[in-house]
Amino acid sequence: MANNSGLSNGERILRVLTAIAKYFLLVFASFLCVVPIVSCVVTAFKTEGEYATTNIMTLPQNWTYFTNFITVWNKVNMGKAFLNTGIILIAVLVGSIMFSAMLAYVLNRFKFHGNTIIRNLFLFATLIPGIATQVTVYQIMSGLGFVNTLYGYIILLLGSDVISIYIFLQYFENLSESLDESAILDGCSYFGVFFKILLPLTKPAIVTSMVLKGVATYNEYYMANLYLQDKMLYQTVCTALYRFTGPFGNQYNYICAGVLISLIPALVVFILCQKQIYNGLGAGAVKG
Amino acid sequence: MIKAETNSQKIKFNRWRKGMGGQKFLVGFTFLIVPLILLFVFTYLPFFKMFEFSFYKMKYLGSRTFIGLENYLDVFQRDDIFGSLKLSFYYMGGALLQMALALFFATILSFKIRGGNFFKGAIFFPFLVNGIALGFIFKFFYTRGFVLDTLLGSIGIDTNSLPYWLKDTSINNFSLVATSVWKYMGQNMVLFIGAIMSVDPNMYEAAEIDGANKWHKFIYIILPSIRTIVLLNLILSITGSLSAFEPPFVITKGNFGTSTYFVTMHTIAHENQKVGLASAMAVVLMGIIVIATLAQKLFFRYAFNEDDDGTGTSKRALQRASKRDRESSRLKARSFSRTRPGAGASAKTEHKASAFAKTERTR
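In the order they appear, the protein sequences are chains A and B.
Here the working numbering = 1-based position in the first sequence + 18.
Here the working numbering = 1-based position in the second sequence + 916.
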């Protein structure tokens, strides 16, 4: 407050007004961002009768009315969906982190002919919009017998996104090469350098790409819809949600319950890993 | 004799395998092979096949006939296809608005503010909402008499005068663009906050001593140091607008005149099974995107007389800094001037800020 004493009255009023405007705009923006989701929460707890008779924004009578959630969970077999998504997530995360770390290690540490070419191949791949090539990827997938199998979908996801490669490339840039050099002088092999020394040091990059790639994999629906055609056996959380249009028609009290079930894991991850998500976006979105 | 020779070759090979050069080769090969195969099979093979398919009249199964450039003529002549490209302008407009809002809120939230984390989280969370959920949420939000109408009614607007947000062709594309802004504004904002945070706080102090107000700080310190990332996002948003897909796909399914280029392509490829025509569409759009990206590179190089990514001035500052460093410490200078092809903009702005602060201090 000491440095405020030198201000004239006019300046002080201006300062208070800007502060009020600032908070007003922030509250307004947050409200707009949250309102579509909150309206879903409100609706998901309403009974069918309540939903039919009350106004959309009227709060439900009973906040512990979980019947909608249970109905929805059983009707589209959400348990199976979460199991499948879990398997896909683990496989994709382990695979993509290993492959990107190895690739980034070789590209960053080894000078060889073709290094720049390989980097540029990955860079150019980011220019190709994924949805555009699905027309022909579909043919390749069916040629390989990958359509309608979990492993085919997993392999496709491993090959389709290069975000973790950039995260690791960037991270290796900042890991001093003297680490490798001294380890090699001590008689360590290149395999040893990578697995014993560098990989443990890339933990922040691993966390970042786990969070980003994890969210992307969890939210992926376009390719899942295209390639996991047996919607009972191979449904993921997103494709299970997609099936709601049929049985529940316009009964948004059920649909909203399903939407919330699909959002809960994302919300939990967000609350637990806010920092990593924010940092990871900065690292990943620029893509070199 | 021959046996001895093969033996010595074997020994040579073993020595090579165990030596550093051979090891390097083996490690390089085994580490690169899988990602490269994946890249080839799922990105480049489809990419080249697309060119091939675009000259044929074909379905997923069955025979195909070569028809030359007919598919490409169709792309430019069929109203439903070429017209759908025009919808990109809505999304470009939305992207510009989104970046302006993101920049505004990022600037506010980069400084100490009560509840800052809550606001940041609330604005960012929509980015994590999956596409299918987004579709349901906004169908519910926009349907006649539901969330939006109720909200507008509660502030005294006559609900009967409101349009059908998703069916009225004069407004439905704006409704869809709004959902895209809703989802991605927070993500842009977080990126900008990251960039603003990497500005050296000493610069604000120095500016305050010189009597700069908040607007001056924004114009002369914040904006120049995050220019790279802002421009980069601007360009990404242009190519992104051309390939806008999710909002119309999950909310209106492309009905009521909301079918963007990719939604049209999806329908042609997977519902009408006109694989050749869809491939031609993909090739045309990719051509546009590649041209736009190259144009951006040239634009930066010639219009600003700067490097690809607008860090030219910072590089000159860096060179000055590294020259000084080389005199005092050779090692430090080497790490400074080393080219960093993989480094992202946030790292660059950080370097820029520190280099800038250095030059300031020596003055």
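Just so you know, the hints here were simulated from the structure itself, not pulled from any lab data.
Careful, some of the hints might be misleading.
Derived lysine-lysine pairs resembling DSSO-like cross-links, with alpha carbons at most 30 Å apart [what the hints assert, rightly or not]:
1. K1133(B) - K1055(B)
2. K93(A) - K1169(B)
3. K940(B) - K926(B)
4. K40(A) - K221(A)
5. K1028(B) - K1130(B)
6. K1169(B) - K1002(B)
7. K975(B) - K214(A)
8. K1028(B) - K293(A)
9. K221(A) - K940(B)
10. K98(A) - K1169(B)
11. K249(A) - K975(B)
12. K1213(B) - K40(A)
13. K1055(B) - K93(A)
14. K1002(B) - K1213(B)
15. K98(A) - K214(A)
16. K940(B) - K1002(B)
17. K1028(B) - K129(A)
18. K1130(B) - K40(A)
19. K293(A) - K1169(B)
20. K249(A) - K965(B)
21. K129(A) - K1055(B)
22. K1213(B) - K129(A)
23. K940(B) - K249(A)
24. K1133(B) - K293(A)
25. K1169(B) - K249(A)
26. K40(A) - K1028(B)
27. K98(A) - K1002(B)
Here are some, though not all, of the chain B residues that point toward chain A, as calculated from beta-carbon distances under 10 Å [what the hints assert, rightly or not]:
28. L955
29. Y988
30. F992
31. K1036
32. G1037
33. Y1120
34. E1162
Away from chain A, derived, C-beta distances all over 10 Å, residues of chain B [to be verified]:
35. V950
36. I1039
37. S1070
38. D1074
39. P1117
Computed from a predicted structure; not experimentally measured.
Even glycine gets a Cβ: it sits at the ideal position worked out from N, Cα and C.
Checklist entry - Which of the numbered hints are not met once you compare them with the structure shown? => result 1, 4, 7, 12, 15, 16, 17, 19, 21, 23, 27, 29, 30, 33, 35, 36, 37
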